[in-house]
Amino acid sequence: EGVLVFAAASLKTALDEIAAGYEDTTRHEVTISYAASSVLARQIQAGAPADLIISANEDWMDVLQGEDLIEVASRVDLLGNGLVLIGAQDTEPTEIAVGLDLITRLNGGYLAMALVDAVPAGIYGKAALQNLGLWNDVEGQIAQTDNVRAALALVATGAAPLGIVYRSDAIAEDRVGVIGTIPEKFHPAIIYPAALTISSGPEALSFLTYLQGDEAQAEFLRQGFSLPEG
Amino acid sequence: MSLSIRLQHQLSDLALDLDFDAPSGVTVLFGRSGSGKTTVVNAVAGLLRPAAGRVAVDDWVLFDTGQGIWLPPHRRRLGYIFQEGRLFPHLTVRQNLNYGRWFAPRGARRESPDRVIEMLGIGHLLDRRPAMLSGGEKQRVAIGRALLASPRLILADEPLAALDDARKAEILPYFERLRDEVSVPILYVTHSAAEVARLATSVVALQAGRVVRHGPASEVLADPSVAPAGVRAVGAVLQVRVAAHHDDGLSELEAGGERLFLPRIPHRIGDELRIRIPAQEVILSSRRPEGLSALNVLSGQVDTIRAGEGPGAIVSVRTPAGMVLARVTRRSVAALGLRQGSPCYAVIKTVALAPQDVGGRVVAP
Amino acid sequence: MSLSIRLQHQLSDLALDLDFDAPSGVTVLFGRSGSGKTTVVNAVAGLLRPAAGRVAVDDWVLFDTGQGIWLPPHRRRLGYIFQEGRLFPHLTVRQNLNYGRWFAPRGARRESPDRVIEMLGIGHLLDRRPAMLSGGEKQRVAIGRALLASPRLILADEPLAALDDARKAEILPYFERLRDEVSVPILYVTHSAAEVARLATSVVALQAGRVVRHGPASEVLADPSVAPAGVRAVGAVLQVRVAAHHDDGLSELEAGGERLFLPRIPHRIGDELRIRIPAQEVILSSRRPEGLSALNVLSGQVDTIRAGEGPGAIVSVRTPAGMVLARVTRRSVAALGLRQGSPCYAVIKTVALAPQDVGGRVVAP
Amino acid sequence: MGWLGPAEIEALRLSLRVSFWATLVTLPFGIFVAYALARWRFPGRQVLNGLVHLPLILPPVVTGYLLLLTFGIQGPLGGPLAELGIVFAFRWTGAALAAGIMAFPLMVRAIRLSIEAVDPKLEQAGATLGASRLMVFGTVTLPMILPGIIAGSILAFAKAMGEFGATITFVSNIPGQTQTLPSAVYAFLQVPAGEAAATRLVIISIVIAMSALLLSEYVGRRVAKRVAGS
Amino acid sequence: MGWLGPAEIEALRLSLRVSFWATLVTLPFGIFVAYALARWRFPGRQVLNGLVHLPLILPPVVTGYLLLLTFGIQGPLGGPLAELGIVFAFRWTGAALAAGIMAFPLMVRAIRLSIEAVDPKLEQAGATLGASRLMVFGTVTLPMILPGIIAGSILAFAKAMGEFGATITFVSNIPGQTQTLPSAVYAFLQVPAGEAAATRLVIISIVIAMSALLLSEYVGRRVAKRVAGS
Ligand SMILES: Nc1ncnc2c1ncn2[C@@H]1O[C@H](COP(=O)(O)OP(=O)(O)OP(=O)(O)O)[C@@H](O)[C@H]1O
Ligand SMILES: Nc1ncnc2c1ncn2[C@@H]1O[C@H](COP(=O)(O)OP(=O)(O)OP(=O)(O)O)[C@@H](O)[C@H]1O
Ligand code: MOO
Ligand SMILES: [Mg+2]
Ligand SMILES: [Mg+2]
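Chains as they are written, first to last, in this note's numbering: chain A, 1 to 230; chain B, 231 to 595; chain C, 596 to 960; chain D, 961 to 1190; chain E, 1191 to 1420.
It should be emphasised that the hints constitute simulated quantities derived from the structure, not laboratory data. Don't be surprised by glycine CBs; every beta carbon is placed ideally from N, CA and C. There's no promise every hint is true.
As the list claims (entries may be wrong) - BS3-like, lysine-lysine: derived pairs with alpha carbons at most 27 Å apart:
| # | chain 1 | residue 1 | chain 2 | residue 2 |
| --- | --- | --- | --- | --- |
| 1 | D | K1081 | E | K1415 |
| 2 | B | K398 | C | K763 |
| 3 | D | K1185 | D | K1081 |
| 4 | D | K1081 | E | K1311 |
| 5 | E | K1415 | E | K1311 |
| 6 | B | K398 | D | K1081 |
| 7 | E | K1311 | D | K1185 |
As the list claims (entries may be wrong) - Here are the computed distance ranges between Cβ atoms for each label pair:
| # | chain 1 | residue 1 | chain 2 | residue 2 | range |
| --- | --- | --- | --- | --- | --- |
| 8 | B | R517 | C | D616 | 49 to 55 Å |
| 9 | A | P188 | E | F1219 | 30 to 36 Å |
| 10 | B | R336 | D | L1102 | 20 to 26 Å |
| 11 | D | L1102 | B | D288 | 35 to 41 Å |
| 12 | D | R977 | E | P1218 | 57 to 63 Å |
| 13 | D | W1000 | E | T1389 | 38 to 44 Å |
| 14 | E | P1218 | A | R175 | 32 to 38 Å |
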């Protein structure tokens, strides 16, 4: 009875809200375990009793799929997200494009990002910087954190002048200002894939369906997520 | 019950190498500081594993490197009174006293705690912890703890050194009782000649880890060269019978038909005792003395005269009561013209016989 | 230098309340186990903060609750020999010995380490750690450590109890020298009458935390009711001068025109000494004795006869050499017809005067 | 605690339960291992010592990952144990296991130091009085090391209350099952505007751990007084 | 170490440096605080005790975040210190600060227990021989607690080697500056197929920490022998 959802930690605010709505309407219980996508994937590999996984990382979902741990048919790209360049609260917004004066803006300080080779937000951010032709210039000035929120905190506390984080994270942090959104063409599509595990019950499918419904999607959008095209 | 000890062991700069059989009763170990007394006791207790050797009480082998026998300390049924007390700091005096009793086998002879507590004068301390005791109080509790463990072998390492004389005099008879009545073998370390004389069935003198002399207490005490505390401890041990108790506080003893008086002793008429007569408390006289305050005069003949170191000599006098030793100056020997076979009188002060010199009962040596 | 001590303090069931001034020299504290001796010493050392009181050496106030003075222990310039040793386990014997010297002020009188080490016989132990010492060895190191700290006040809590007689005899003169030559005040706890007699300038008898008797050693020792180890410790102290050393190993002393012989002593001719004559070593005679091995006979008159407990009596005899005490039986008093004023002879065995009964030099009391 | 939501109260209760059992169950092992390390010489002693310390040295995530591999349902220990009905994976028992293992080195260290401070001469005295090794331990050593045991236990309890990395990696972050206070804090920290809630939970952790600490000081001091007998 | 990339060797060297300095610099404070807690009674003693233990109780991320708030460039301590030229933010010194603070409670506990095991009677004996409080500490207490100090230091060193959460949150993960071994391990664990590299680094950590441990056992035993004098 009930659905056990393994979800990427960055989904917490939105997903809690939506799950509460689902429980109200269906009287079915949804339990959500939030952790880093890598942790969730490994736990499913180790036989975790999860019914549904929502990852922030397509690679990990591919791994699970390769090991036949998810119902391939149920896999969907549930959400998208955007990357933003943030700075202090009062920073002037500007357009993010090739030739951005990032170095000047850093003014010797650090650019806060999630781990650029490990954490999805960091990987996307690195790709964007490369495509913007900025990577080689700033590579030595990046402060990497273990998750996006920590990067956000660096900027929020003034430790780092600038940072690259998910739009969904930046949106509710009062102490930072969004300088600009990084156009999607500069980085691979940010996808949150979702899928039922092979051990899931029928209830899980119902919740997954609910997540794709209007009510849920409206909430996601409100939290700064986007809906994947297609 | 006899105690047999053979040990070989090397300490930092002491080579322990000894072998002796002690008869039933109290075996006193003496020797100067650092001669290995505590080490021997520890080996008997099983706290130190000697390189080679054998320790047995009668045919009960505590350890034997030859046979590969090694009883762990807790199976040796010991009452070890440590030189440094070693009370359990987390237990009250009462719990310390009871500790050994918890582990004593059911059928073991049981000492009465009340009696031991009273003898040691520690009744008012029972609820304290060791940190709140004085030095002497600690040692008394340590003695009680060992005695109440119903031991089959008592190891006492200078048990009375920290106590005042009055307390010593109270506790000594208890060890005598253990020796005589309960016949628990006792290995006893002491520096005190009086304790040796009263308690020792046999005496083992150690020097640098080796036995330099071993024999019955009376023999070793009569030998100025090894007596525990030097020449001052030399003395004779007489076997006597209590003949009468007089109203003026004196007790009359009989030995080989001779009478001896000494301050009232607690024994019953007819009891057999042994008393130590320190050689230096004996005056010799060439004629029967008169008008002297000393009440005890034994007549006899000079047996031997051994000139000690210094100005003194030890004169043995054969009397009907037994051999008596006197320590006198060589000048006096000359003045009195003493020679082997000379008739002479041994004068012993009544009060010079200290209570600790009077032992409880005669033990067959 | 005089030591003045006033203390009030409550321990679990001991109420300490005492007040005494001790003259320069050695002040001996005695009393039964648990009477508060160590507690007093700790208060003087500053290890215990008494509820009220004052301790001063001359006008150097160590603490005074009235004036709010409290010197911490390390400013008191002590040489404290603890009842339980308290050697530093992590330091070698040498380092233990040197510990106090590190902190002694530059100008302080310095004891020669070599001399102290030799006297204590610990030269071969210098590189060991305390865990590898025997009980007596530990105590000797503890004594050395205190002496080498260049103390201005020595506190010794039963310093010799763990030692054998021969070693005691070697160490006692050292305390005498400290007392006489260096005039460091010494507060000394002991149960031994011989130590009291040799060392004590004054004696303070404690009972349940209170002073029951306080006075010069000779006085307290002559009083059977408080003598440290009971009646057997009663004795007279005579002041004598070394008159001659004889070839046969005897030394001749002179006191008030009378001659006394005793085994050879190390002092020089002309030296003034004090010697303790234990009451129980003295025999009384109503006529001049003849043919006796005892070489020392003093004639005099009976001064007082105090009947003690039991069968004995203490008879004081006024002799030209000074007052001599004899402990005899009441029966002998009657037999000899002794009364106040009776002429009589005090017979003292030459060899009965133990080496530890002979003190180094006379100190003005 | 009106200002705590039901999920937070749940997390608090779970954390207390997990820490309590983690401490209680590890304690006998802790005492045993501490004793063995302090007083016995045996081959493999240093290996044991090293093993005990591993959780301290490894990043907690690694420990959690190793636990997952070992005690997961498909793990070499997890499988057999599951057949016996003992399941750790994704249960609060697993959280307790993780917490216990993370706290173990601290507990062992504290107890071991106190064992080493007991004078073997007193244990010898016990032996001469007839007490077997075990009885000597029970009547002399154990009472004398009580302060160390209390200190070690409380330290372990506090550590268990704060344990996060290994726990979330091993048993995930399932509300009501494995979501301990620190996991809940983590989840809140991952989302925008979660700080207020996180702060609330942190304060609760602090209050509880401090109370335990104060209690341990008090008890430890009383016991130490008894043991020192002064 | 041919099988380690230059970045990994860099991380290893940094971890050693960070842990070494974290231990060394905290040690005097650790001894002081342990002594104060063990032997002095003063108002605020329990508060100090609590403060010292906080890093143990708090999830490391929280500690890192608090460090960021306090020692960040704009933090109440970080600002003034920066003016004095002492900067922690994004420096290896910050990593050492984080590691030191996380290890501090372990160090203090170990030292404190060993101080409490020193018989005050020996300290008294030192005082009667003319040593002032400080000298008694230096000549009696300190040498006797050396085993505890060594134990505590190695424990702290090991903990510092494994510290991750607080470090990455406070000073992030800047290769060559603040990327310690655990950060590198974490990064590898985040990506599928990163396990081999992570395992390699973990093994290195283990070898180092075990060597330290063995060394501490050896040194500690020798010192203890000297101190016990047997
Ligand atoms: N820390 C303490 N707290 C309470 N009472 C104590 C403490 N230490 C000692 N006592 C008690 O105070 C009394 C005096 O003790 P103290 O150590 O001064 O005796 P002492 O005269 O030195 O005895 P001993 O000759 O046996 O060493 C004893 O009854 C003892 O039990
Ligand atoms: N643990 C040890 N390691 C090495 N040598 C030791 C050890 N314990 C004692 N010794 C040495 O062995 C010798 C014998 O010591 P032991 O304790 O047996 O002497 P003892 O006869 O009991 O002396 P005391 O009368 O002073 O107590 C001494 O020289 C001592 O220094
Ligand atoms: O799930 Mo995450 O929080 O960006 O990896
Ligand atoms: Mg000994
Ligand atoms: Mg005392």
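Results of checking the hints against the structure:
no.	hint	result
1	D:K1081 <-> E:K1415	holds (15 Å)
2	B:K398 <-> C:K763	holds (19 Å)
3	D:K1185 <-> D:K1081	holds (20 Å)
4	D:K1081 <-> E:K1311	holds (18 Å)
5	E:K1415 <-> E:K1311	holds (20 Å)
6	B:K398 <-> D:K1081	holds (26 Å)
7	E:K1311 <-> D:K1185	holds (15 Å)
8	B:R517 <-> C:D616: 49 to 55 Å	holds (54 Å)
9	A:P188 <-> E:F1219: 30 to 36 Å	violated (48 Å)
10	B:R336 <-> D:L1102: 20 to 26 Å	holds (25 Å)
11	D:L1102 <-> B:D288: 35 to 41 Å	holds (36 Å)
12	D:R977 <-> E:P1218: 57 to 63 Å	violated (40 Å)
13	D:W1000 <-> E:T1389: 38 to 44 Å	violated (32 Å)
14	E:P1218 <-> A:R175: 32 to 38 Å	holds (37 Å)
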